[in-house]
Amino acid sequence: MEQASYILSQVINGLQLGAVYALIALGYTMVYGILRLINFAHGDIFMLGAFIAYFLLSRFGMPIYLVFLATMAVTALAGYLMEKIAYKPLRNAPKISLLITAVGVSLFLEYFCSLKAVFTPDYIAFPRPFEVETYNFSLGGLEFSFTNIQVLIFAITFSALVLLYLLIYRTKQGKAMRAVSYDRETAALMGINIDNTVSLTFMVGAALAGMGGILYAMAYPQINVFMGIMPGIKSFIAAVLGGIGIIHGAVIGGLIVGTSEVIVSAFLSSTYRDGVIFIILLIVLLVKPSGIFGKRIDKV
Amino acid sequence: MRFFLESKRHILLALVIYAALRLLFSLGIVSEYIEQVVIYVFIVILAATGLNVIYGYTGQFSLGHAAFYGIGAYTSAYLAKTSGLESIFFFPATILAGGLMAALVAYVIGIPILRLRDDFLGIATLGFGILVRVFFDNSDRISEVLGGSRGFTGIVKLTNLETAFFVTVFLLLVTRNLITSRYGLFWRCIKEDETASASIGINTARMKLMAFVYGCFLAGVAGALYAHLYTFLHPSNFDFLRSIDFLIIVILGGMGNIAGTIYAGFIWVGFIEGLRIALPGNILDLRWVFIPLLLIALMMWRPYGLMTKKKG
Amino acid sequence: MTAVLEVDRLTKSFGGIQAVDGISFKVPPGETLGIIGPNGAGKTTVFNLITRFYTPDSGDIRFMGRSVTHLAPHRLARLGIGRTFQNLRLFRELTVAENITSAYLSGNRYSPFAGIFRTDRHSVVEKKAWQKAYTLMDFLGLAGKGDAPAGSLPYGEQRRLELARALAIEPKLLLIDEPGAGMNPREIRDLVETLRDVKKRFNLTIIMIEHQMGLVMNISDHILVMDFGEKIMQGTPAEVRRDARVIEAYLGEEGPA
Chain D
457 MEQASYILSQ VINGLQLGAV YALIALGYTM VYGILRLINF AHGDIFMLGA FIAYFLLSRF
517 GMPIYLVFLA TMAVTALAGY LMEKIAYKPL RNAPKISLLI TAVGVSLFLE YFCSLKAVFT
577 PDYIAFPRPF EVETYNFSLG GLEFSFTNIQ VLIFAITFSA LVLLYLLIYR TKQGKAMRAV
637 SYDRETAALM GINIDNTVSL TFMVGAALAG MGGILYAMAY PQINVFMGIM PGIKSFIAAV
697 LGGIGIIHGA VIGGLIVGTS EVIVSAFLSS TYRDGVIFII LLIVLLVKPS GIFGKRIDKV
Chain G
7 MRFFLESKRH ILLALVIYAA LRLLFSLGIV SEYIEQVVIY VFIVILAATG LNVIYGYTGQ
67 FSLGHAAFYG IGAYTSAYLA KTSGLESIFF FPATILAGGL MAALVAYVIG IPILRLRDDF
127 LGIATLGFGI LVRVFFDNSD RISEVLGGSR GFTGIVKLTN LETAFFVTVF LLLVTRNLIT
187 SRYGLFWRCI KEDETASASI GINTARMKLM AFVYGCFLAG VAGALYAHLY TFLHPSNFDF
247 LRSIDFLIIV ILGGMGNIAG TIYAGFIWVG FIEGLRIALP GNILDLRWVF IPLLLIALMM
307 WRPYGLMTKK KG
Chain V
896 MTAVLEVDRL TKSFGGIQAV DGISFKVPPG ETLGIIGPNG AGKTTVFNLI TRFYTPDSGD
956 IRFMGRSVTH LAPHRLARLG IGRTFQNLRL FRELTVAENI TSAYLSGNRY SPFAGIFRTD
1016 RHSVVEKKAW QKAYTLMDFL GLAGKGDAPA GSLPYGEQRR LELARALAIE PKLLLIDEPG
1076 AGMNPREIRD LVETLRDVKK RFNLTIIMIE HQMGLVMNIS DHILVMDFGE KIMQGTPAEV
1136 RRDARVIEAY LGEEGPA
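Chains as they are written, first to last, in the numbering used here: chain D, 457 to 756; chain G, 7 to 318; chain V, 896 to 1152.
Worth double-checking, as some hints may not be accurate.
Claimed, not checked - The calculated lysine to any residue pairs, modelled on SDA-like cross-linking and capped at a C-alpha distance of 25 Å, are:
id, chain 1, residue 1, chain 2, residue 2
1, D, Lys551, G, Leu122
2, V, Lys1023, G, Phe10
3, D, Lys631, D, Ser746
Stated by the list, open to error - Pairwise CB distance ranges, derived in the manner of DEER restraints:
id, chain 1, residue 1, chain 2, residue 2, range
4, V, Asp1033, G, Leu30, 49 to 57 Å
5, V, Phe909, G, Glu150, 28 to 36 Å
6, G, Gly160, D, Phe723, 31 to 39 Å
7, D, Ala529, V, Tyr1050, 31 to 39 Å
8, G, Thr88, D, Val618, 28 to 36 Å
9, G, Ser89, D, Ile735, 28 to 36 Å
10, D, Met686, G, Leu290, 53 to 61 Å
11, G, Val162, D, Thr727, 52 to 60 Å
Stated by the list, open to error - Now the stretches of chain G that chain V is said to cover, found in silico as 3 or more residues with beta-carbon under 8 Å:
id, segment
12, 173-185
13, 208-220
Calculated directly from the structure, the hints in this document are not laboratory data.
Backbone N, C-alpha and C fix where the C-beta goes; we use that ideal spot for every residue, glycine too.
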């Protein structure tokens, strides 16, 4: 029973991490859906979110809900500018130059932010806006606990998912997004404003990543300008796992990646945790190349 | 031998370049640091040529090329160190071992993953790169010598201008001949249209695997040379960004263009190392702010590579 | 005499739609079989099943008396089944000559070692490949275009190049998918001549999907009519012209040819 309780608590920790990955994966999957671009700089928007929140909290002592709103607004702006400045001029170039540009944007954001005049190259402690509280539960001998941060992360991820669904399936802009991701040329012929739709996609994705950055920093309160690299890559893998371009696929993929990472850390060794993700990815891709929720692609 | 006769112009050119470099090095005109950078350029060109075979010619997107470079480096260094064969006499054997190990791993991993295409193959190779990085980080559990996350230290310096230059030139000629043989032709067919390739009798799965294994072999050999040049290996030398480095060189040089890869290797490494020398110490931090900006500008200016203005 | 190709109760469905529904037919050596039928009748699917780009749900395919249902596409090509595609699939960035040599070289080997070290074997095979390319280019009216990128040719020449490429594998059976698509009546007449020449010269058995009634009636020994994935009938052009079911299902739309 003790063992079961331990496993359960690790699963909860894994879901906490997975929920953050899910928030990043959503942006990846939306941008990929619309531009077929692996936006490697997306992980750095996540980092930006954590740092902006750090400044708002430590310098201005802003209330937490305002921190969320302001951070998301700034990261959305960053996503908007990133697309307009770096990606839009390359929209008709080979896909690979766009990908290299994305890596360039990523490196730029990391090293620019690491300058002393901007942020810092060092690890800094993230000021938690409230104390961590733990709620213990017992269910038929099975003991488990939640922290208030975990509750917050789950609640926010879930609400974000619901709002995103409403945006994509219930609004005109969402319809435009789906149309552009289905067939850009035809969508343009139908009178859809491609530029605005792409911008909106980047802004929504970046806002979600910014939110993920704050939540991540609250859960693991050490931040650094390179903190976005691995979560970024893993979130993209999560998006591929779930089926790229599919909203709920990104969330499920994120949860799978986060949970398996924590479980492997707890039961094997934390140094193996990045390796297991590849194994899962490989298995999923080989069994179903289009991902768990993806549609099958027929050849010829 | 016909191999040398057919390539005599290239070999002559290579000998002239070698003589000039040897003279430059021997007269002590350039610093040891620059010598090292020049040797490193040849190593990078070799590895990038491997990626060009895989991606530029055959169209198989790989974001994990550095993993094979690392496998070659670790294998060769480990063999040299544990067998006590740390002399220039046995060096060709350990270089070959590095290349063969990379090729073997590429074969085993290639059979399942090369069925994937485009970005999916990219993400699978990226994932494989992470797995190899994890392996290097934990390598001290297998053998203390490998050093794990502390790094692999105390490798004997065996790579000099001669080894790096002639191994690279030889393998570039081999690659050119392969590219202009039926195999290179099939690779180019596959890049354009796999279905049509199969319809004329090309065993696409086998040819894709061959290109992948050969390209990774070149990366492995390059890694072996690298290990014995810098005498210290760290898992972070072989991560995602190094894979991107090779990719940048292939793109700048032009997909499916070996000469382009050679120029681009010089330009890219020269530029990165040049900034280190040119920038005063107090703003050296800015190097990695400039490099990505330049990269973005390059991609906007020449999205099809430095040598081609637009799609040919 | 064994049939070159024997298709036995072949079926294939995509997501519940029966694209090919229990088709059987035989093609004796030296015959030209035309397949006609409305769009979506499953004609191209039959080709894709024979060349194994699709896996049949059931049924058997025998080539020269041997069951080939489970062979990979490239193995079928090597055995001697060549094909062209409805929407041209040339290697557009390769030269015209390379499009042809690649096909010849797939069945005429030399080792990687021979390629790297340029052995005699390499020279002999490469020389033959280039001779083959020049012969086929001359024969199909592409002389002098060997170094041009395939994608730069005008449409009609691309069609002929695709035919040359399929012939370079030295096939016994050639599957041609809508060779007349997008051609004007004069080009069609030329095409009929070319196909007759090709068939005679290379001693071929041909299966051809075609919409242009003039072309298909003119060149085929037998015609197989398909609709909704099924064989409606098979007979000589004259029989097909007279058949009420065919007139209703297909010719009726356009009037008898």
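The hints, checked one at a time:
For the given pair, Lys551 of chain D sits about 17 Å from Leu122 of chain G by alpha-carbon distance, which is consistent with the 25 Å threshold. At roughly 24 Å between alpha-carbon atoms, Lys1023 of chain V and Phe10 of chain G fall within 25 Å of each other, so this suggested pair holds. A threshold of 25 Å between alpha carbons decides the hint, and for Lys631 of chain D with Ser746 of chain D the separation of about 23 Å falls inside it, so the pair holds. Roughly 54 Å separates the CB atoms of Asp1033 of chain V and Leu30 of chain G, a value that falls within the hinted 49 to 57 Å.
Against the hinted window of 28 to 36 Å, the Cβ-Cβ separation of Phe909 of chain V and Glu150 of chain G comes to about 58 Å, which falls outside the hint. Checked against the given bound of 31 to 39 Å, the beta carbons of Gly160 of chain G and Phe723 of chain D, roughly 35 Å apart, stay inside it. Between Ala529 of chain D and Tyr1050 of chain V the C-beta distance comes to about 54 Å, which lies outside the given range of 31 to 39 Å. Roughly 58 Å separates the CB atoms of Thr88 of chain G and Val618 of chain D, a value that falls outside the hinted 28 to 36 Å.
Between Ser89 of chain G and Ile735 of chain D the C-beta distance comes to about 32 Å, which sits within the given range of 28 to 36 Å. A hinted range of 53 to 61 Å for the beta carbons of Met686 of chain D and Leu290 of chain G is inconsistent with their spacing of about 26 Å. Taking the beta carbon of each, Val162 of chain G and Thr727 of chain D are about 28 Å apart, not inside 52 to 60 Å as hinted. With 3 residues bearing a CB less than 8 Å from a CB of chain V, the segment 173-185 of chain G meets the requirement of three and the coverage assertion stands.
Closer than 8 Å: that is the beta-carbon criterion, and the segment 208-220 of chain G has 4 residues meeting it against chain V, so the requirement of 3 holds.
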